[in-house]
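Novice: Working from the sequences, and respecting the hints, build out all of it.
Same order as they appear, the protein sequences are chains G and D. Residue numbering for the first sequence follows full-length UniProt numbering, beginning at 1 and increasing consecutively. Residue numbering for the second sequence follows full-length UniProt numbering, beginning at 1 and increasing consecutively.
Since the hints were made in silico from the structure, they are not lab data. Some clues are possibly wrong.
The list that follows gives simulated cross-link-like pairs (lysine-lysine, DSS-like), each with its CA atoms no further than 27 Å apart [unchecked claim]: (1) D/K137 with D/K105; (2) G/K88 with D/K63; (3) G/K71 with D/K93; (4) G/K62 with D/K93; (5) G/K62 with D/K36; (6) G/K71 with D/K146; (7) D/K63 with D/K140; (8) G/K61 with D/K93; (9) D/K36 with G/K61; (10) G/K62 with D/K105; (11) G/K71 with D/K57; (12) G/K71 with D/K105; (13) D/K105 with D/K77; (14) G/K30 with G/K20; (15) D/K78 with G/K71; (16) D/K112 with G/K62; (17) G/K71 with D/K63; (18) D/K36 with D/K112; (19) D/K77 with G/K71; (20) D/K146 with D/K57; (21) D/K105 with G/K61; (22) G/K71 with D/K112.
Here the structure is a predicted model, which means the values were calculated and not measured.
Chain by chain, the residues run as shown.
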Amino acid sequence: MADACQVIRKQDLPPPGGYKPIPFKRIPAKQYFSGYTLFAGYIGMTIGAIYLYNLTAQRIKKHEIEMRSSKMAIYPMLLAERDREYLKQLRRNRDAEAELMKDVPGWEVGTYYGEPVYKLVPQDALVEPIFHEYYAHTNPSDWFRRAYIKLRS
Amino acid sequence: MVVTNNVVLPEESELTVEEVNLSTATLRAGSFHLGKYCENQNNEFMLCRFEEQDPRKCINEGKAVTACTLEFFRKVKKACLAEFNQYANCIDKSSGEYSFRYCRKTQDVYDKCMLENLNLERPPFGYFCEVRVHDTKRPKPPVEEKAVYPDATPALPEDAEKKPARFGSRFYWMTE
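Specialist: If you want it as structure tokens, here you go:
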């Protein structure tokens, strides 16, 4: 029984020369700039950035003005062409409505059985129809294609 | 539709004229000189359109605009076709928005040709964004007068007695 306990046991002890000292002292990070330098740097960089931003903003603004000038120069021509086609289409729409409703007794074109939509405007006034009325007699696929451009953009 | 038979619409034959059959890039390339060349017609048409607020009343002005545009592009075709095509091609293919900023070299060539042959100068920067005064012979449309109603509440007479305010002021919330 006693022989079984004769194992050499190693005791847990400090290494030779003792433990290293515990590093409990605060080691602050190395400071490259002082606080005032940081403030000055921030202001300097901001001023530099504002300068560069303004250069770009001026460039973009000039570009926008040039593009707008160009569009305004051709706008009267496009509007004149559009007006002519628009009036032609209004006449086509009115003729189509007359053709469609010719069998309905009492129906008058542009009114609901003789009752006008707008009662206070002069009889000859041209009230521009809304999109759905303007496209009422077209092919539905044309309607949807146009509506996708006009009403959703 | 709201357009009744009483509304006078112009006949189709009145509205049919030769239209400007050109692409956007071409129109944009010629836009500055075009705006200068047709300035009078354009201003006349736009003034009419915005004063009258009715496309039917400005048909003739619009036809003048289209005729002038056609005349301008015919002149360009006769005088500076190669330079113009080069410039329009550059505008068409350099960016997605027909930007002019990538085409300054071809623009210079085109401007020079226009100045030499047609004596048309490129208008100064932002010219068409500025307010321009136009003198026209067309009479101004009558302004709608303010409505007068016979049963309106009569105003106080001029010599009505005005007592001093009871609570020191007549601000609108002091409804004494």
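Novice: Are G/K71 and D/K112 close enough, with their CA atoms no more than 27 Å apart?
Specialist: holds, 22 Å
Novice: Mind checking the alpha carbons of G/K62 and D/K105 for me, to see if they're no more than 27 Å apart?
Specialist: holds, 18 Å
Novice: Would the hint linking D/K78 and G/K71 be met if the CA-CA limit is 27 Å?
Specialist: holds, 24 Å
Novice: Check whether the Cα positions of G/K71 and D/K57 lie no farther apart than 27 Å.
Specialist: holds, 24 Å
Novice: Hey, D/K105 versus D/K77, does the alpha-carbon distance stay inside 27 Å?
Specialist: holds, 20 Å
Novice: D/K146 and D/K57: Cα distance at most 27 Å?
Specialist: Status holds; Cα separation ~24 Å.
Novice: With the threshold set at 27 Å, check whether the alpha-carbon distance from G/K61 to D/K93 stays at or below it.
Specialist: holds, 22 Å
Novice: Under the criterion that the straight-line Cα-Cα distance not exceed 27 Å, is the pair G/K62, D/K93 satisfied?
Specialist: holds, 21 Å
Novice: Quick one, are G/K62 and D/K36 close enough, alpha carbons at most 27 Å?
Specialist: Holds - the C-alpha atoms of D/K36 and G/K62 are around 20 Å apart, at most 27 Å.
Novice: Between the alpha carbons of G/K71 and D/K146, is the straight-line distance 27 Å or under?
Specialist: Since the Cα atoms of G/K71 and D/K146 sit roughly 37 Å apart, the hinted pair is violated (cutoff 27 Å).
Novice: Within a Cα-Cα threshold of 27 Å, do D/K105 and G/K61 meet the stated pairing?
Specialist: holds, 21 Å
Novice: Do the alpha carbons of D/K77 and G/K71 lie within 27 Å of each other, as the hint requires?
Specialist: Status holds; Cα separation ~21 Å.
Comparing the model with each earlier hint shows violations of hints 1, 6; every other hint is respected.
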